[in-house]
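> Each chain, written out:
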Amino acid sequence: MVNHKTNLEPDHGSHGHSVPLVYQRALPMSRGKVAIWLFLSTEIMFFTALIGTYIVLRFGAPEGTWPTPSQVGVIEWLGALNTFVLICSSMTIVFAYEAAKSDRIRAARSWLLATMLLAFVFLGIKGVEYTSKYTHGIYPQFPRSLMHDRPDVYYVSNFSAQLKKRIADLESATSPANDHDPATLETLYLIQSGMVNWTEKKVGMSDDPNMKRMALESFAHQIHPLSKRPDIDKYLVDEQSELVEKQQELAPQLRQLESDLVKVQQQLVRLSDEIAQLESDRKSKVDAKGDFPEPGPEELQRKALLESTEQKAKIVTDSISTLKQRLNPINLRLESHSAFNQFEKGINEHFHLKLPMVIPSGNTWANTYFLITGFHALHVVLGIVVFLFLLPLELNRRRAKIMENVGLYWHFVDIVWIFLFPMIYLF
Amino acid sequence: MKSTNTTNPPPPTSQRRVFLMVFGLLVGLTGMSFGVANSWIMDDRIIGWSVMVGISVCKAMLVAAFFMHLWWERAWKYALTIPTLFMGSMLVLLLVPDIGMRTDHYPRSRQLLSPESITVPNAPGDESPTTDSESTTRTES
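Just so you know, the sequences run in chain order A and B.
For the first sequence, my numbering begins at 133 and goes up steadily by one.
For the second sequence, my numbering begins at -1 and goes up steadily by one.
Calculated directly from the structure, the hints in this document are not laboratory data.
Misleading hints may appear alongside valid ones.
[Unchecked claim] Only pairs whose alpha carbons sit at most 25 Å apart, straight line, appear in this in silico DMTMM-like list of lysine to aspartate or glutamate: (1) A:Lys417 x A:Asp405; (2) A:Lys533 x B:Glu71; (3) A:Lys477 x A:Asp405; (4) A:Lys233 x B:Asp41; (5) A:Lys477 x A:Glu175; (6) A:Lys360 x B:Asp41; (7) A:Lys360 x B:Asp42; (8) A:Lys165 x A:Glu175; (9) A:Lys165 x B:Glu71; (10) A:Lys334 x A:Asp281; (11) A:Lys456 x A:Glu442.
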């Protein structure tokens, strides 16, 4: 294979006195192979930088502030399956090269076709993964993604803004396609009144920082839980029983006031009738001058009573509205408890809402995930394009070198995935 | 990875057996990686991660040595690949002080807006409750 002498070596047979000159080839390889190794070297820099950046970001994040695979919906076995698919494709392209080297053209073509199909399977699985990220709202977005780093008031405020926008969109949607969505609108109303408003009020009015923190964390947990949180479960149960107690205390008061109001209103009606009767009696007694007699003491007394009863009615109505203002949020909060507390995977997941959620470093994760796997997938696409160019050719001994170079590229793509798989799916 | 001065690969039949063995090893190592991720080894994450990276390096070396024929070929490629690998790694190391250790010297103002650990209180790795309550107070003001 290595021939240090070239045909440039001068013929010194006839002139015995000249010094024999020996030339070296630049490299003992075909230029194509040198080129592909040069290209792969640039690729090494490219992917080392990308993967290394991911590692630096991931391990630079303090414990608990980088999403685990399950928190961002990464499915381990799909990653393992894709690894298997790429290993198989590495194997098939080796066989394709071996077949081409020994002039078995049909076998070479079949192995290459198998490699290409496996590349498509890889992209298909990748597509499934990307779709699942998209449906869960886990992707970078402008001006900001749906993922927040911490459950703070900025999160609740952005959540509230997004929710209002969603509600307005649904309310204004008059097309029949949206008519089947009343349940969603009802759900959104309940989230707004029973969760967002409640949390905003609780955080705004409480002086206890721990209470504020629990209110915010329990809110974020109900939207998109990251892990089991017994403390939040307990907090919610305690809050629920406390609210039930309060409801049981206030509801009878409201009923009492409402029945008082009915009585007062009946009294008002009765008094008005009596006054009207007295007035009509009085007005029937017209004197000679055509004037009505002055109202009698009975009528005046009734009128005074009517006035005081009206005031009483106003006081009762005001008390009712004050009590309702206290009781309504409690009722809505309890309603939201019974409607939403049972969803282990959270409200976002259950109703496919894609509302802002708390995933610490989730946005950085999504940026790096899509950048790295996206570039890797682009390399797979490039591989497919090259396979498509090669497939119609006669893959014989003469073309084995091309096959070898394409194979080197494809193995490199496999090696990159070998490092990506544990880092993205298992760490 | 061994590089020899041998220029002739072994005969095709034995080579095919080698390829199949390498394939089997790659599948086995992938399974092992998956197993490690779901086993007690991950109780100590540093050990778990190290084992998984070790497995990945083994897999990469197997692919390079046999599927990419480096086992049977001359070593001139390393003159290209090792410096580039070195340069890539240097680029990554440059990020370590500012990005890798980004939270080590955060001022309080920045700490209050950084991602917050959401784990069960008192669990390993949980941040001090003081930071949390302070942040809530701050965001309120």
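> Against each hint, give a clear statement of whether it holds in the structure.
Results for each hint:
no. : hint                : result
1   : A:Lys417 x A:Asp405 : 19 Å, holds
2   : A:Lys533 x B:Glu71  : 14 Å, holds
3   : A:Lys477 x A:Asp405 : 62 Å, violated
4   : A:Lys233 x B:Asp41  : 49 Å, violated
5   : A:Lys477 x A:Glu175 : 40 Å, violated
6   : A:Lys360 x B:Asp41  : 18 Å, holds
7   : A:Lys360 x B:Asp42  : 20 Å, holds
8   : A:Lys165 x A:Glu175 : 15 Å, holds
9   : A:Lys165 x B:Glu71  : 12 Å, holds
10  : A:Lys334 x A:Asp281 : 21 Å, holds
11  : A:Lys456 x A:Glu442 : 21 Å, holds
Hints 3, 4, 5 from the list above are not met by this structure, while the remaining hints are.
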